[in-house]
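Chemist: Please build the complex by placing chains L and S on the supplied structure of chain B, with the hints as guidance.
Residue numbers (the numbering used here), protein chains in the order written: chain B, 1 to 301; chain L, 1 to 336; chain S, 1 to 335.
Bear in mind the hints are in silico, worked out from the structure with no lab data behind them. Hints may be right or wrong, so weigh each one.
[What the hints assert, rightly or not] If you want a taste of the chain L side facing chain S, the calculated C-beta under 8 Å gives, among others: (1) 94; (2) 107; (3) 125.
[To be verified] If you want the ones that stay clear, here's a sample from chain B, every Cβ over 12 Å from chain S, calculated: (4) 52; (5) 88; (6) 132; (7) 186; (8) 191; (9) 210; (10) 213.
All residues carry an ideal CB built from backbone N, CA and C; glycine is no exception.
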Amino acid sequence: MAAVDTDTPREAAAAQESIFRRNLQSFAGNRLALGSAIVVFLFILMAIFAPLVAPHDPAETDLFRRLQPPAWMPGGEWSYLLGCDALGRDILSRIIYGARISIFIGTAVVMVATTIGIIAGLAAGYMRGWVDTVISRVVDILLGFPYLIFAIGLMAMMGPGLINIILALVYKEWVIPCRVVRGETLATRELEYVEAARALGASGRHIMLREILPNILSPVIVVSTIRMAHVIILEASLSFLGLGVQPPTASWGAMVADGRAFILQAWWVSTFPGIAILLLVLAINVASQGLRDAFDPRFHE
Amino acid sequence: MNIQNDDTLLQVDGLRTVFDTRAGTVCAVDGVDVAVRRGECLGVVGESGSGKSVTFGSVMGLVRRPGRIDAGRILFDGRDLRALTPRQMRAIRGRDIAMTMQDALTALNPALTVGEQLAEVLEAHDEDLPTGRTARRRAIRDRSVEMLGLVGIPSPGTRLGQYPHEFSGGMRQRIMIAIALASKPKLLIADEPTTALDVTIQAQVLELISDIRAELGMSVVLITHDLGVVAEHCDRVMVMYAGQVVEQGPTADVICQPKHPYTKGLLGSIPRLSLRGERIHPIEGQVPELIDLPAQCRFYSRCRERGADCLKLIDMQDAGPARQARCIRVTPEAAQ
Amino acid sequence: MSLARFIERLLQLVPVLLGVSVIVFAMITLTPGDPVEIMIGDQVVTPEQEAAMRHDLGLDKPVHERFFVFLGNAVQGDFGDSFYHRRPVIDVIAERLPATIELSLAALLIALVTAIPLGVLAAIKKNSILDRLATVGSLLGVSLPGFWFGILLLMLFAVHMQILPVSGRIGYSSEIEPITHFLLIDTLLRGRPDAFLDALSHIILPAITLGLPMTAILMRVTRTSMLEVMRQDYVTFAEAKGLARHRILFRHALKNALIPTVSVAAIETGSLLGGNMIVETVFGWPGLGRLVVESIFVRNYPLVQAAVLFYAVTYVLLNFVADILYTVLNPRVKL
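So that you can see chain B by itself, here it is in the shape it has in the complex:
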């Protein structure tokens, strides 16, 4: 935790800023982490500029190209680099468009969950009393569900679809940032500059948002990036089971599921989308590990 033992909030904020900068530099020095961050960034670009990058329309079916092999194998074409699926759709293009789903859902879920988690965590940690009890109880109960079960249960209720997946994942996801924020808030609220602000008559809301929050953002950001990888795999798993976004929208998990029937004769249909998931998640994990190391105060001793 990067809480600083200083007197005024401004001093605290300034000290925090320089620590932040040093941590950022440390992160940049870690080449592996930096490289991974770049990979993630490339994926994001790929997702945003999908229509420009993808060679074909992901929904365009062509039954003559059914289960066409990748370009380097006999029967393949270079314009359909990674081959085609059972409906003759270009796998490469679908992977590129699939990035949109994964990244969008991953980002949306984590952002919404983190926001809710921050609000709930701050409230619980700062106001304590019955607010804390209620929120902590809810957290405990939600934690009583294994992740996938809860998501599946909700999806069963609500039916598939983009918004529904996001909601289903958010329901459980927010407890994680909430716990982190609550812990940090409990620790920070005892520091002197918070006392000072209180003595000056600042309102509870002001203290929470302007004094405490800026100082606890570091660990929250680190946790959120780590969770992003997890959420992406979860979304892919849900899509694999058929509970995710529905066709014809391309989703990596669904693509892997589609290819299952053909593992005997067309291994590429399942393999390449899976590689995409692996690459993105691996890159996020390495980058967030680097982030964690860079922001960990113990590392700098």
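Modeler: Only chains L and S this time, still in chain B's reference frame:
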């Protein structure tokens, strides 16, 4: 000190122990000579970072990566310790040379009972234990109870089954001593045995060590930063600074007539009732970093008696009978 | 830990379990689709018959009454009848449960047996090739999507090399009368080593796939914990006592180092429950997980509800076990 005779139990010549870190090679012990006679108590004084613990850790062969012994000869009871195989060294550790550490709470394994930790030492060195399983177990238990009783733990039989955290600080230190002495070692290295304890308990623990030393004829190395402890319990004292020995000699002589400016400073910074009303003179400055030290007196920057002639490597100078100090301003004098 | 404390801790579970039941009940109640309509399906019924069915199912009562009925029934194990199977839900679940438990235990075993030695070795030989490989491996382990990895394994071992079966729990020729319902045990009990090997060949790929993320996490935890422990004073002191290296390792270091490992293992076992659904689907394993997935698609809500409740309760109990284990193993933590 290079006097080698049957009387000398431990002889260390030119010990150099370094640590290879990312920032460079840290020289924690640089050319240290130590001699401990049978039955004597040597006090080793110095602040943190002076190399006192590492010196004796090296003697025991406990220096691990990234540290290593770079140079020096270590003779114990006539044997060259550095030439021994790990297995041979293990046989010596805990049996002929034993060590206690500063904080007994962290030195004792929290997950094992006190009895188990005592039994280990006995089993490892197999001191005349009977061979049958039950007889052996009983012998170990009896011996353990005996040891705990020896160090003054009340109702030792019941307390064998308790965990370290169930004892007070003073008792834990005693337990550690019991473990160290279980095999009746020839040399006990007590690393800061009193630092973590309050004053009354300190006295008890030191008494204990003295008594046992008298009884077993054991040699003791007392590593401490407390000169008072040294004054009361040690025959000879060795002062270390920044990885080097800067003064050594009989305790009474060194304390009454310190020769090295650092020792003088140490003694001068002790508050004393007899000097009520006078100012204490602390030693200004800080210990230098132990990386890339310049070839000069290491105490130079904090020394009140420094001069231009101190900017070179300084050896130990003869300062009287059985006394030496690493300062060029030293003159041999007859002990008073 | 005293019995009183243990019971106290146990009682603290009650509000959580209650809350869990509320949520599960809410899930079902809020599910769109009228169960009665689903049950009727294409049949033609009179309004009176429909009302009667509704009354039979207790669906005409107010919500809070229905909750208590639900709770009361749940505690007795009565979850109604499965729409799809036309049998009590509890029976259907009980049928499929052993397969899931067997698979989960196999995965847990693989994870423990692989992760702990690897973690210890990686810590002892820090920064060696083994250590770096282990680190890479553990990173891969948490980044690989389970469903994809399973398919990959199938492609390699079942399709390409054809040394392992593609799906199912056991071949037809190895069917035997069950005793414990755990095939790996039953085949041995019945004296059929050939059937045992058959069952083994069926379980190995799914167990590896299911256990992979857990192995990765446990390896990391063990390594970190071991490194931490080896730096402790009591390890140095043990060395100073002249103890043999392996003794120090096993008796002093490992005992303390494994405490976090065991805690994490107990918690992560819960996540095996979720992973089950994926792995059982990929490998056609006849367990509870696959049953749940199928039931969702055919809108067999009583079964889904019961299964979710079952999973949640198991998970809460597992976390409880993890807590208790931690306090038992760590003598310094007084309860």
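Chemist: Each hint should be assessed against the structure and marked as holding or not.
Modeler: Status of each hint after checking the structure:
no.: 1; hint: 94; result: holds, 3 Å
no.: 2; hint: 107; result: holds, 4 Å
no.: 3; hint: 125; result: holds, 7 Å
no.: 4; hint: 52; result: holds, 27 Å
no.: 5; hint: 88; result: holds, 21 Å
no.: 6; hint: 132; result: holds, 15 Å
no.: 7; hint: 186; result: holds, 20 Å
no.: 8; hint: 191; result: holds, 28 Å
no.: 9; hint: 210; result: holds, 34 Å
no.: 10; hint: 213; result: holds, 29 Å
Of the numbered hints stated above, none is contradicted by the structure.
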